[in-house]
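Chain by chain, the residues:
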Amino acid sequence: MSESKMPGEAPRQASAASGGAEQAKQDLRGHGGLPWFEALLQDLRFGLRTLRKNPGFTTVAILTLALGIGATTAIFTVVDKVLLQPLAYREADRMVVLMQTFSGGQSPVISIPKYMLWHDQPRVFEESTLYGFPGTLRVNLLGGDQPEQFQATQVSADFFSLFGVRLVAGRAFTAEEDAAGGLPVVVISSGLWRSRFGANPHIVGRTVDVDGTAYNVIGVMAPLYTPDLPLGDMCFPLQADPNSSNQGNDLFGVARLKPGVTLAMAKAATQVVAEEFRRKYPAMMDPKGGLTVETMHEVRVANIRTSLLVLLGAVSFVLLIACANVASLMLARATLRKREISIRAALGAGRGRIVRQLLTESVLLSLVGGALGLYLGYFGVRFLLGINPANLPRIGEHAEAISLDWRVLVFTLAVAVLTGMLAGLIPAIKASRTDLATTINESGTRSGTGLRGNKTRSVLVVTELAMAMVLLVGAALLMRTFHDSLNVKPGFQTHNILTMGMALRGARFQKTAPVAEVVREGRQRLESLPGVEAAAAACCLPLEGGYGLPFNIEGRPPTNGPFTGGGSWRSVSPEYFEVLRISLLRGRTFTDRDDGAAEPVVVINEAMAKQFWPKGDELGARITIAKGVGPQFEDPPREIIGVVGDVRDNGLNYNPQPTMYVPLAQVNDRLTALDATLIPMQWLVRTRVEPHSLTNEIERELRTASGGLPVGTVQSMDQVLAHSIAGEQFNMTLLTSFAAIALFLAAIGIYGIMAYSVQQRTQEIGIRMTLGASPQDVRWMVVLQGMILALIGVSLGVAGGLALTRLMRSLLYGVKPWDPLAFVLTAVLLSAVALFACYVPARRASRVNPMVALRYE
Amino acid sequence: MNSTAQPLIRLEGVTKVFHADEVETHALSDVHLEIKPGEFLSIAGPSGCGKSTLLSILGLLDSPSQGNYWIHTEAVDNLSLSDRTRIRNREIGFVFQAFNLIGDLTVYENVELPLTYRSMGAAERKKRVQEVLERVDMAHRAKHYPSQLSGGQQQRVAVARALVGQPSILLADEPTGNLDSKNSEAVMGLLRQLHADGATICMVTHDPRYAESADRAIHLLDGRIVEETQGTSTASA
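Chains as they are written, first to last, in my numbering: chain P, 16 to 872; chain V, 7 to 243.
It is worth saying that the hints were derived from the structure and are not from the lab.
Idealized CB from N, CA, C, for every residue including glycine.
It cannot be assumed that every hint is accurate.
[What the hints assert, rightly or not] Non-contacting residues of chain V with respect to chain P, defined by C-beta distances greater than 12 Å in every case (computed):
| no. | residue |
| --- | --- |
| 1 | S35 |
| 2 | L39 |
| 3 | S71 |
| 4 | T91 |
| 5 | R94 |
| 6 | D110 |
| 7 | L111 |
| 8 | A128 |
| 9 | E130 |
| 10 | E140 |
| 11 | K188 |
| 12 | A192 |
| 13 | D228 |
| 14 | V232 |
[Unchecked claim] One-sided and incomplete, this derived list gives chain V residues near chain P with beta-carbon spacing under 8 Å:
| no. | residue |
| --- | --- |
| 15 | L67 |
| 16 | L87 |
| 17 | I108 |
| 18 | Y151 |
| 19 | L155 |
Full structure from sequences and hints, please.
In structure tokens, the structure reads:
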């Protein structure tokens, strides 16, 4: 017996002995199925064939997934660049920024005395640096055919080392060069080195004429452009006086924590510094304020985080809606494929195998959809940001930092696979539960079922509609915010004004008088141009912020530390109010007679008058601005000569603050010189024609008036206005786009389920019509069933919206998160779209021929 | 049955032609037919002879290509869709071979369905549904769904649904086609009883035994009435 063999056993053994692949397969089959790879290939082959055979279904599913994945990819590329990727500095995770805190917020701009007390803590900080606003300083490079204006930054000696800025030639500043009164040296950008100096290898050691001073070029920065470090084309040593008493907060202090030092430890150490500062300069710190530190990354992204997270949440909804839609489509198809699945099961396919087969198809769909979505999303967001960079940090001026890197690819791949699983899992599990005997022997005599038989699909559609409702409400709120922003009166007329910056720097402009003279000369020249109505100059443009300074009212005791109050400070030429058409409410504005020799005067805005002179007796009162803040700010008492209307200087969404306007010709010399180290002086020209059409003539006249100086950042006031609300517009555009996609997908979803339901119920509809149902009865029946789903979805969406729109509070202006109009209008819109989506299949249902329907199988 | 009474249904020269892929199919050709009130008529013939087409035209589910059709004295061959729907709802009751009950509705709701298209009050509907369910002996199953019933029970429910609107005529299309012999006999017994109670019935059937139960049987072949015979019911009467 032991030697006997079953028939066929010998050849099998022989084959196994020879290691035949076929035998291995057979063996593996015998142990529970095909080898996984072969099975996967088989699933893929069959999946591709099935999808090819159903081009309609495949196209709709792929496009739906492409929209969902594309939108997600688009936002992820931005979120990844702005929020997730580490800053492009050396060991950026250990970099902290010194912040001053005050009641109602905190700010990263600090003064030299604050930095000096803070940075010297060897147990906490490894190294530190102090620098000015990156790239806002404008300088004039002279010595060539034409003077050119360039962006620049003033930095202390440790800056290059701390930020890891590499030099391709020369060296960074020494401590001596960075000391107050140090030698004039400059480090230039690689771009400037190439464009202006033809990449001269001997550039180091040469001198360049900047604002009339010969600067020695000591280094060239590597061509490492990063939006995280927009230094401009030249870096100058800050040359801050460590003993300075200048309390002006106009610099950034950054340090790298020593290894092992936590942010909490640094905050505690900074708290000690704050108390020391308060003891040393009791008048210079807000009683409720202090000092703290934040990580560099946090400071860069804090303002944008909420809006990006809201957009990420919104896009997740879009993706889920797309998933629900595809799941719904696959459920419908699984019903049609019940017979095929039953036959597979009858032939021995286990549930797991059937689920895997169906999941393979859905993942295939989502991978193709993902590839298309990647294309749509990436190029879509590049296009959108190219048009409107939305004031987003870290992405560059034209979103050039938004790139298609491995992170985006991996993310999209992961989202595509997950989406495929999510969309395919429920249909696959349901399909695998098919009752074999019933399905295989199913006859056509059974009547179709309504939505009761489509519970899963109904739940999916209700969920889609609820999510679409939340998105629509969010979009409506942002649209209202944007609309309200556009309708906010800025306090001046923006049309037909051209603006441009001029850097009045160098030995010539160390005092106020020559600056005032250039302004007077320039104004006269400009006003003689045909098409120019009036011209003015100012320290800064409306809507772009400005300086804040404290003041004291003569005859009143201080109420806020040593001051009576604080407000925005702006130096302007006499025609400023006329150019901007800011209304004069009381008294007068400035004239040419309000010069350096005249009695010091000031014009205040209505907000300041109301707050400090509620009885309207402000004219004739005298205020002293920035008393004790530092020698640069020393200012004589000024008489209030006029009250003008409020201007939203800090942006349309910020209420006007108390504002003091002083004549540009009366600013003290040191403040004029300080001003020139921060931002360029701004020209404002009101024209009778399209403002940009006069750009060349205006530039020419200003060049002549200033002795050859160029202008930069030429933009109309309408452009300044648009830029100030670019963030709101970006949020609104994106959320509205996502809401529109969601609405479209939800409409397809409800249309799909109703069309499928009608198809399944053709026989039932035929019976009803045979029994006396009129076409209107049938239409009403289908529409009613669809609208019940829609209204449940809308109701859940309203509840979800009330819960979720609170998270958007910081993005809203002039509208409450529970704004009834937004909720009602979006509910009506969604219901109307759902009604239309139901009506189309309902109309088809009402045209069912009862005879055909009764024969329908 | 009163042989001199005004016909309930009258067809004159009814022709039905179907066009498909440039092929003309004459489903019915020059059919003349009268059905008197209270009459039990059976229509027999081989597959494709036009039985179902004739029943569709009689049931206002389809319209003739040519010819005239009256119900009572009202010409119905040229009515609008909504008028045909209204008349179908009030004058005609249908019983199908495949029962055609709606799976999502209970027995009660299925039977109530034709009344819901008449804007009838709920109390009146309830009264009628209960009456008709008792008549077909299905009142005890009112809350069941069709899937919970046997084929014979489903067809009794379908008959109840056809009767609930108190139609002038009951059109039955192979009512025993999906039933075993026992259930078939029960359903035919029910139809005979209804006929005995005065109902007008027009039944399509393949089965010669049941065709002979009718007062009169017409035989169709290639869309024409080729023979008309008197059934046993008349003979016995």
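Item checked: Hints not upheld, ascending by number -> Per hint list: 4, 5, 6, 7, 18, 19 violated.
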